[in-house]
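Letter 37 of the sequence shown, counting from 1, is numbered 228 in our numbering, and no numbers are missing.
Hint data in this document are derived by calculation from the structure and do not stem from the laboratory.
A hint or two may mislead.
If you anchor each label on the Cβ, the simulated ranges turn out as follows [as the list claims (entries may be wrong)]: (1) 293 x 196: 32 to 38 Å; (2) 295 x 252: 31 to 37 Å; (3) 224 x 290: 31 to 37 Å; (4) 209 x 230: 33 to 39 Å.
Just so it is clear, CB atoms sit at the ideal spot from N, CA and C, and this is done for glycine as well.
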Amino acid sequence: MGAMTVLRALLVWVLLLLLAIANGVLREAVLIPRLGGPSGLVLSGLLLSALILVLAWWLLPWIGVRGHGPLLLTGLGWLALTLGFEFTFGLWRGRTLAELLAAYRFEGGNLWSLVLLVTAGAPWLAGRLRRCT
């Protein structure tokens with residue numbers, strides 16, 4: 192992959208990050224108060240997963256990545272950036288490692304692990320749908 196492709200993939204990840212933050216605000220301000228904790232978390236996780244897939248499908252031609260390997264590498268890059276951000280930001284805010292790892296259990300409706308799986312696979316799936324593989 193060329194430098195421009197990597198830069199574009201990074202910019203799309205920044206958009207994904209902004210979507211995730213907006214989704215978190217929506218979850219805490221609207222979904223959980225109206226639906227309760229488990230239902231709000233489930234809907235939030237499904238909504239964010241769908242948004243990630245749509246954004247990947249929409250912007251894949253602009254990123255310019257093609258082929259199974261590069262598409263998978265892009266998704267793994269997004270996953271690594273997401274995990275790096277989550278743990279760095281969480282620890283900086285004073286959360287413990289145990290608190291951060293609790294999000295990876297499918298308890299109380301938390302679908303964060305599914306969101307991460309979707310993040311990793313979104314470029315590949317979008318490439319398949321767009322026949323860029």
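Against the structure, the hints:
no.	hint	verdict
1	293 x 196: 32 to 38 Å	holds (36 Å)
2	295 x 252: 31 to 37 Å	holds (33 Å)
3	224 x 290: 31 to 37 Å	violated (22 Å)
4	209 x 230: 33 to 39 Å	violated (25 Å)
The structure is inconsistent with the numbered hints 3, 4, although it conforms to all the rest.
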